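**Q** All chains, full assembly: derive it from the sequences and hints.
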Amino acid sequence: MHTHIIPEFTITNALAAVLIGFLFIIIMSFVREPSRQKINTVIIAGAGGVYWSGGLGVWEYVFGAVMLFVAFKALKHYYFIGIGWLLHTGWDVMHHLYGEPIIHFAQLSSAGCAVCDAVLAIWFFFGAPTIWNVFRKQSTVTT
6 MHTHIIPEFT ITNALAAVLI GFLFIIIMSF VREPSRQKIN TVIIAGAGGV YWSGGLGVWE
66 YVFGAVMLFV AFKALKHYYF IGIGWLLHTG WDVMHHLYGE PIIHFAQLSS AGCAVCDAVL
126 AIWFFFGAPT IWNVFRKQST VTT
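Quick note: the sequence shown uses my numbering, first residue 6, plus one each step.
Honestly, the hints are just simulated from the structure, not real lab data. The structure presented is a predicted model; accordingly, all values stated were derived computationally and were not measured. Don't be surprised by glycine CBs; every beta carbon is placed ideally from N, CA and C. It cannot be assumed that every hint is accurate.
Computed Cβ-Cβ distance ranges for the label pairs, DEER-style [stated by the list, open to error]: (1) LEU73 with THR17: 30 to 38 Å; (2) PHE77 with ILE31: 26 to 34 Å; (3) TRP57 with ARG37: 31 to 39 Å; (4) TYR103 with LEU80: 25 to 33 Å; (5) ALA19 with PHE74: 25 to 33 Å; (6) LEU73 with PRO12: 26 to 34 Å; (7) VAL23 with LYS43: 23 to 31 Å; (8) ILE11 with SER40: 35 to 43 Å; (9) TRP137 with TRP57: 32 to 40 Å; (10) ASN138 with VAL98: 29 to 37 Å; (11) THR15 with TRP57: 27 to 35 Å.
**A** This is the structure:
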């Protein structure tokens with residue numbers, strides 16, 4: 006019987022994963038639309054296959070098929086990319102608790118990926134806005 010040791014995930018690990026998520030958002034902010042949506046659709050499709058042979062048997066392939074469907078829907082609607090990242094967050098948690106980590110030599114990689122993916126999902130649910138709009142002065146009209 007295979008025993009899986011669950012390593013401790015600390016606040017430092019979580020903060021590092023959040024920073025990785027923000028770094029991804031910053032990098033993607035350099036990509037103009039509609040390329041940003043298309044690139045992230047391909048990324049979410051690929052994310053469905055990163056755990057194949059990861060210890061959860063045939064369910065790895067079922068998850069990959071679900072992620073392909075979500076990616077197809079994401080070609081037209083940004084929130085499906087967010088849904089894909091939330092699904093991947095759940096799959097990361099499953100692998101942290103029961104399967105193999107996403108990076109075999111980094112035992113906390115699946116837990117960190119879950120935190121990072123949740124940050125990305127939030128960004129995509131907001132339509133993946135460029136961060137540069139945050140720093141531009143907003144003009145308001147008052148009456």
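**Q** So, for every hint listed, does it hold in this structure?
**A** For each hint, the structure was consulted:
| no. | hint | in the structure |
| --- | --- | --- |
| 1 | LEU73 with THR17: 30 to 38 Å | 35 Å, holds |
| 2 | PHE77 with ILE31: 26 to 34 Å | 27 Å, holds |
| 3 | TRP57 with ARG37: 31 to 39 Å | 32 Å, holds |
| 4 | TYR103 with LEU80: 25 to 33 Å | 32 Å, holds |
| 5 | ALA19 with PHE74: 25 to 33 Å | 30 Å, holds |
| 6 | LEU73 with PRO12: 26 to 34 Å | 31 Å, holds |
| 7 | VAL23 with LYS43: 23 to 31 Å | 26 Å, holds |
| 8 | ILE11 with SER40: 35 to 43 Å | 39 Å, holds |
| 9 | TRP137 with TRP57: 32 to 40 Å | 37 Å, holds |
| 10 | ASN138 with VAL98: 29 to 37 Å | 32 Å, holds |
| 11 | THR15 with TRP57: 27 to 35 Å | 29 Å, holds |
Figure legend: structure checked against the earlier numbered hints; every hint is met.
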